[in-house]
Amino acid sequence: MSNLYGSLCVSDIPKELFKKAENGKIYLNIAVIERKEVSQFGHTHFISCAPKQEERKEGVNYFCGDMKTFAPKTPTPEQVEQAPPAPIDDLPF
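According to this note's numbering, the sequence shown is numbered sequentially starting from 2.
Please note that a few of the clues may not be correct.
Claimed, not checked - Computed beta-carbon distance windows for the label pairs:
{"hint": "1", "residue 1": "22", "residue 2": "44", "range": "28 to 34 angstroms"}
{"hint": "2", "residue 1": "24", "residue 2": "89", "range": "48 to 54 angstroms"}
{"hint": "3", "residue 1": "26", "residue 2": "73", "range": "17 to 23 angstroms"}
Derived from the structure by calculation, the hints contain no laboratory data.
Backbone N, C-alpha and C define an ideal beta-carbon position, used for all residues, glycine too.
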């Protein structure tokens, strides 16, 4: 399993898709879907808002964001060797 990061364009989401719960919080049902091919910008997934049942039957989709797979950069052996040494603390414990 990989970690994903990305952005969500809230202004493109129809207001009627937001649901207010009994606790007063506002929710949006979404789906994160893996792309068949990586986009030209490196996006591996996209975010779709869940349409209403009638709209689903009509084939309506709300595309509202992109995501990429997070890949931390591991330092090369040369970078490790060139890194300054950690300071030695003169703590009594």
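Each hint tested on the structure:
no.: 1; hint: 22 x 44: 28 to 34 angstroms; verdict: 30 angstroms, holds
no.: 2; hint: 24 x 89: 48 to 54 angstroms; verdict: 52 angstroms, holds
no.: 3; hint: 26 x 73: 17 to 23 angstroms; verdict: 32 angstroms, violated
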